[in-house]
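These protein sequence lines are chains A and B, in that order.
Here the first sequence stands for residues 228 to 396, where the numbers follow the numbering used here.
Here the second sequence stands for residues 31 to 131, where the numbers follow the numbering used here.
None of these hints come from the bench; they were simulated from the model.
Now the stretches of chain B that chain A is said to cover, found in silico as 3 or more residues with beta-carbon under 8 angstroms:
1) 39 to 53
2) 87 to 93
3) 97 to 111
Computed list of lysine to aspartate or glutamate pairs in EDC-like fashion (alpha-carbon distance at most 16 angstroms, straight line):
4) Lys394/A <-> Glu119/B
5) Lys319/A <-> Glu125/B
6) Lys319/A <-> Asp124/B
These numbers come from a predicted model, not from an experiment.
Ideal Cβ placement from N, Cα and C applies to all residues, glycine included.
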Amino acid sequence: MNPVATTFFFYFLSAIAIICAILVITRRNPVHSALLLIITLLAQAGLYLMLYAPFVAGVQILVYAGGIMVLYLFVIMLVNIERAQLEERFNKQWVVGALATGALGGLLLFIFVKGRSIFPATAHMFPEQVNTQQIGLMLYRDYLLPFEIASLLLLVAIVGAVVMAKKRI
Amino acid sequence: MAEIGTLHYLVVAAALFIIGTIGVLTRRNVLIILMSIELILNAVNLNLVAFSRLYGLHGQVFSIFVIADAAAESAVGLGILIAFFRNKETVNMDEVDLLKW
Chain A
228 MNPVATTFFF YFLSAIAIIC AILVITRRNP VHSALLLIIT LLAQAGLYLM LYAPFVAGVQ
288 ILVYAGGIMV LYLFVIMLVN IERAQLEERF NKQWVVGALA TGALGGLLLF IFVKGRSIFP
348 ATAHMFPEQV NTQQIGLMLY RDYLLPFEIA SLLLLVAIVG AVVMAKKRI
Chain B
31 MAEIGTLHYL VVAAALFIIG TIGVLTRRNV LIILMSIELI LNAVNLNLVA FSRLYGLHGQ
91 VFSIFVIADA AAESAVGLGI LIAFFRNKET VNMDEVDLLK W
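My request is simple: use the sequences and hints to build the entire structure.
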């Protein structure tokens, strides 16, 4: 089945993602930032669906928008945000930081526009129906060692988070 | 209108990456800095998935590893933030000076 209105949905989702990302780093209230970041992540999940990656889109919604952002909201509730709302939002070197990063962005755009011919014009069409199956096979066949290392990393992160957030060990 | 190719996705990912980097460099609140790091990791994920359309599924598998790393990073970072808030009663990055003399 041919995709419909690809151009419109690409620009729609990209605009939502970028506008909400800009709002994330400019809002004063961290709760608003977290909620806008969830909208950005959901728009990115839509972009993954347009790139024929339904499994990654599902993981993005479940793990990122559902798990990690709930963790962020819990921590925002734990710390005192009334005081943070009265203070200066940006630090002293914000002009230099924004200028340097803008230069980096200009360089990236320049490289993309100059080197657009190195990307193949026609993309492969991977079948969506077996995407999850193929990713599972690759995870357990080709990437078994990185998979185990990732599980070990998550275990270390759990222990480290508990140790650091606990009052006395 | 033109066909949406890999380059369009790369430009969107670059924009998100730049926005995240500006957030890390300019904000004072540690929570917003951690959220900006999430934005950066998401931009990398978008690049990986966009290239996996051209070169096979390896990019999608790697983006799952990046998501696992992001979960570990945010858990440890928020643990450090809670420990710091308990000591100094602030969440501002430029007041983190316990190791300075």
